[in-house]
Amino acid sequence: MRRPQCARRARRGREADAIMDGVPSFETLTTLPSVYAAIVKGALEAEGVTVILDGGGFEAIYPTRIGSTGTRLMVPQEELERARTLLAEFDK
1 MRRPQCARRA RRGREADAIM DGVPSFETLT TLPSVYAAIV KGALEAEGVT
51 VILDGGGFEA IYPTRIGSTG TRLMVPQEEL ERARTLLAEF DK
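Okay, so the sequence shown: first residue is 1 according to this note's numbering, each after it adds one.
Some hints could be false.
[What the hints assert, rightly or not] Pairs of lysine to aspartate or glutamate residues, derived as DMTMM-like cross-links and limited to a Cα-Cα distance of at most 20 Å, are as follows: (1) Lys92 x Glu45; (2) Lys41 x Asp54; (3) Lys41 x Glu79; (4) Lys92 x Asp54; (5) Lys92 x Glu27; (6) Lys41 x Glu89; (7) Lys41 x Asp91; (8) Lys41 x Glu27.
[Said to hold, decoys possible] Cβ pair distances, simulated, as ranges: (9) Lys92 x Ser25: 14 to 20 Å; (10) Asp91 x Gly48: 16 to 22 Å; (11) Asp91 x Leu53: 15 to 21 Å; (12) Ser25 x Glu45: 16 to 22 Å; (13) Pro24 x Lys92: 14 to 20 Å.
The hints are simulated quantities; they were obtained by calculation from the structure and are not laboratory data. This one's a predicted model, so the numbers in the text were calculated from it and none came from an experiment. All C-beta atoms, glycine included, are put in the ideal place defined by N, C-alpha and C.
Based on the provided sequences and hints, a complete structural model is requested.
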């Protein structure tokens, strides 16, 4: 006997949740032009903060301010406050 479609989806959802339990949740720290984002990423990583960059594809090829959305610096939720503090120190 076949399981109903919704039961299979629910089972897949529970399996995905179990897999994602050990994966940290990332939050956006700030958005910067891609060149600056790379510099800040290096500075934060030097302080021990995990950083991933998201976006900046078009801007990386054709650097321009017109219509630029920038690159998002994303850090694990547990490290967000420390990263904000370090970012504020870098801005001084």
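Going through the hints against the structure:
1. Lys92 x Glu45: Holds - the C-alpha atoms of Glu45 and Lys92 are around 19 Å apart, at most 20 Å.
2. Lys41 x Asp54: Holds. Lys41 to Asp54 sits at ~11 Å (cutoff 20 Å).
3. Lys41 x Glu79: The given pair, whose Cα atoms are some 13 Å apart, holds under the 20 Å limit.
4. Lys92 x Asp54: violated, 25 Å
5. Lys92 x Glu27: violated, 23 Å
6. Lys41 x Glu89: It holds: about 14 Å lies between the C-alpha atoms, which stays within 20 Å.
7. Lys41 x Asp91: holds, 14 Å
8. Lys41 x Glu27: Given pair Lys41, Glu27 holds - Cα atoms ~14 Å apart, limit 20 Å.
9. Lys92 x Ser25: 14 to 20 Å: For Lys92 and Ser25 the Cβ distance comes to about 29 Å; the hint is violated.
10. Asp91 x Gly48: 16 to 22 Å: holds, 19 Å
11. Asp91 x Leu53: 15 to 21 Å: holds, 19 Å
12. Ser25 x Glu45: 16 to 22 Å: Given range 16 to 22 Å: holds, Cβ gap about 19 Å.
13. Pro24 x Lys92: 14 to 20 Å: violated, 28 Å
Violation of the numbered hints given earlier is confined to hints 4, 5, 9 and 13; the remaining hints are satisfied by the structure.
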